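Participant: Spelled out, the chains give:
Number of protein chains: 2
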Amino acid sequence: MKKYQVVGIGNAIVDVLAHIEEDFLTDNGVEKGIMQLIDTARANELYTAMGPAKEISGGSAANTIAGLAMLKVPTAYVSKIKDDQLGAIFAHDIRAQGAVFETPLAPKGHSDETGRSMILVTPDGERSMNTYLGVSEFLTEDDIDEGMMADTEWLYLEGYRFDGPESHAAFAKAISACRGAGGKVSITLSDPFCVERHRDAFLAMIRADIDLLFCNEHELKSLYQTEDLSVAMTLAAADVETVACTVGERGAYIANGGQEIHAPATETRVEDATGAGDLFASGFFYGLINNRDYLTCGRMGCVAAGEVISHIGARPEADLGALFAAEGLV
Amino acid sequence: MKKYQVVGIGNAIVDVLAHIEEDFLTDNGVEKGIMQLIDTARANELYTAMGPAKEISGGSAANTIAGLAMLKVPTAYVSKIKDDQLGAIFAHDIRAQGAVFETPLAPKGHSDETGRSMILVTPDGERSMNTYLGVSEFLTEDDIDEGMMADTEWLYLEGYRFDGPESHAAFAKAISACRGAGGKVSITLSDPFCVERHRDAFLAMIRADIDLLFCNEHELKSLYQTEDLSVAMTLAAADVETVACTVGERGAYIANGGQEIHAPATETRVEDATGAGDLFASGFFYGLINNRDYLTCGRMGCVAAGEVISHIGARPEADLGALFAAEGLV
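Residue numbers (the numbering used here), protein chains in the order written: chain A, 94 to 423; chain B, 94 to 423.
Be aware that one or more of the hints could be misleading.
With a straight-line cut-off of 25 Å between C-alpha atoms, the simulated SDA-like cross-links for lysine to any residue are [stated by the list, open to error]:
#, chain 1, residue 1, chain 2, residue 2
1, A, K95, A, R385
2, A, K96, B, Y387
3, A, K95, A, E410
4, A, K201, B, P197
5, B, K125, A, E410
6, A, K201, B, K201
7, B, K96, B, G351
8, A, K165, B, A301
9, B, K165, A, K201
DEER-style ranges, computed between Cβ atoms [stated by the list, open to error]:
#, chain 1, residue 1, chain 2, residue 2, range
10, B, E360, A, G414, 32 to 42 Å
11, A, P197, B, F286, 16 to 26 Å
12, B, V423, A, D116, 19 to 29 Å
13, A, E289, B, V340, 54 to 64 Å
14, A, E360, B, E239, 26 to 36 Å
15, B, A419, A, E360, 38 to 48 Å
16, B, D176, A, M94, 47 to 57 Å
17, A, E234, B, A419, 57 to 67 Å
18, B, E360, A, E195, 28 to 38 Å
19, A, M94, B, N137, 47 to 57 Å
20, B, L322, A, V423, 50 to 60 Å
21, A, P216, B, E364, 35 to 45 Å
22, B, E364, A, P357, 25 to 35 Å
23, B, S204, A, S269, 44 to 54 Å
These stretches of chain B come out as covered by chain A in the derived footprint (C-beta under 8 Å, 3 or more residues) [said to hold, decoys possible]:
#, region
24, 282-291
25, 304-313
Hints were generated in silico from the structure; no laboratory data involved.
Just so it is clear, the structure is predicted and the values come from calculations on it, not from any experiment.
Yeah, the Cβ is synthetic: ideal placement off N, Cα and C, and Gly gets one too.
Kindly generate the complete structure, drawing on both the sequences and the hints.
Facilitator: Right under this line is the structure:
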């Protein structure tokens, strides 16, 4: 029995969440529904323009790990924060949820701060993310504890981290240690524009080292440069053992062993779509770890995603285990 | 016409809000329903013990000013924050709401940080506040701009600031400048234990300089050391021109010119009681400034309070003006 069931690596981000009108996006040159990387000057400009906000710990893989920790899955998270107030908030929240988080801090003197993302939520619940990565860009192979990577059943990599050139070596080191000890490796594609930026690197890694691919329909179509999701699913299924692809309010498709399964979404009023894919991964992993069939894994993913989009913030609030039970999944 | 209609002085606080079970309070020695001042060591101890949280700008008078700013009332706020990340969040949120906030910052090198309050919300919606005042304790008379105080119709003082000995001189300077220019002065008693700590100072100020007293039933009973609210109201009405006393789900009593009026509360499911009294003051001021009768002022206070207790966080989210219109108050 390994110490961890899932270890995640990604960008540690504190979300700065505000409800805005559609006009704000066009007036301020924000592209709707995607994640844009921004520098300090743009971050200040947008923050000055936007209304009052709430701060809630986020980060894609961190949200997934928080969901797993809530489900009492032994889990750990790896990312770079600074010894500053936002870093303290981020570290507190993920540890308080039950995850191990021990990555060395960037020191107070570092020229960047803990990462944050201004998430602008329009009345339709869609989120447009403007991310200042801060010190989370500085994750290097020195931050990877090979002992931890060897001691996990699953490694979970956040595609966004492909934006940091130094982190490729960190991923390689983590994968090698995990696989060398018989662990399996998963990745999430994170964002269609992130796929656009790193398509070749993604494909190479997926074909060589990935057992389980998390994505949404837009990311998968971008990866295989097709407008047809079924074509993209077929291509992906040839590249990787298991594909779990979310399709918004239609739920998710799971491809494994030559079969494709559809898991329907739960009906929810979308308050804030932030974290939907992240919590889908939490639920899917929970099923997988407990040796459930792929339909159940997919349904658990959809239930967890449905919880997180029903409120503001990308970390679960209701008891996910109780929600699984209410749906007859456990 | 003065530049400001209301200027508030108080503790600048970022709220750290978490839902907890009742047991957490007893297990961790937290007294329910009141505000406790804590030092850095206790703050760290409690923060480590508590679950994941949300950070939302708060501070009692700051919440009132934010509510007024949302209602397009020309308003300003005075308090001490530090040049740190929580200070930047606090300043952004109150300015983004439309208030002027220009108090000089405590420098990065200051040994304390921007104030914060761990607010533990039990399933009944009640909040137990654990406040680390940080640099907000260091507000002195040097931070009071006499020109601003002379240029406001109403000055609004937060009782909590009586906990800082240096701030008494700041209050005196602000009162003198405001009254000298024909402005009126109001205060909120803040908390029954705060009243206990400073009863004589409160009574002296109220009798000498206060035109409008905001309080809740527990604070007023504590001030006049009686168990009977009607006795306390009578004593208060003899000391001050107008008394606006909230009584929880029963609404508020307003005493003025020998008359006592009851304003009923709006029906709301209490999600988080934080900010109820603060937003009552926003609504009451809005009526007063617009020369409405005291019943309408009280009703506006109750409607604004009802909004803020219907969600987590002590700043209004729904459009207060629209809520007043829906209740036929404007």
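Participant: Take the hints in turn and mark each one as holding or not.
Facilitator: Now for the hints, and whether the structure bears them out:
no. : hint                           : result
1   : K95/A with R385/A              : holds, 19 Å
2   : K96/A with Y387/B              : violated, 65 Å
3   : K95/A with E410/A              : violated, 28 Å
4   : K201/A with P197/B             : holds, 24 Å
5   : K125/B with E410/A             : holds, 23 Å
6   : K201/A with K201/B             : holds, 12 Å
7   : K96/B with G351/B              : violated, 32 Å
8   : K165/A with A301/B             : violated, 59 Å
9   : K165/B with K201/A             : violated, 40 Å
10  : E360/B with G414/A: 32 to 42 Å : holds, 33 Å
11  : P197/A with F286/B: 16 to 26 Å : violated, 42 Å
12  : V423/B with D116/A: 19 to 29 Å : holds, 25 Å
13  : E289/A with V340/B: 54 to 64 Å : holds, 60 Å
14  : E360/A with E239/B: 26 to 36 Å : violated, 59 Å
15  : A419/B with E360/A: 38 to 48 Å : violated, 29 Å
16  : D176/B with M94/A: 47 to 57 Å  : holds, 49 Å
17  : E234/A with A419/B: 57 to 67 Å : holds, 59 Å
18  : E360/B with E195/A: 28 to 38 Å : violated, 49 Å
19  : M94/A with N137/B: 47 to 57 Å  : violated, 34 Å
20  : L322/B with V423/A: 50 to 60 Å : holds, 51 Å
21  : P216/A with E364/B: 35 to 45 Å : violated, 21 Å
22  : E364/B with P357/A: 25 to 35 Å : holds, 30 Å
23  : S204/B with S269/A: 44 to 54 Å : holds, 46 Å
24  : 282-291                        : violated (count 0)
25  : 304-313                        : violated (count 0)
Going down the numbered hints, you'll see the structure goes against 2, 3, 7, 8, 9, 11, 14, 15, 18, 19, 21, 24 and 25, while the others check out.
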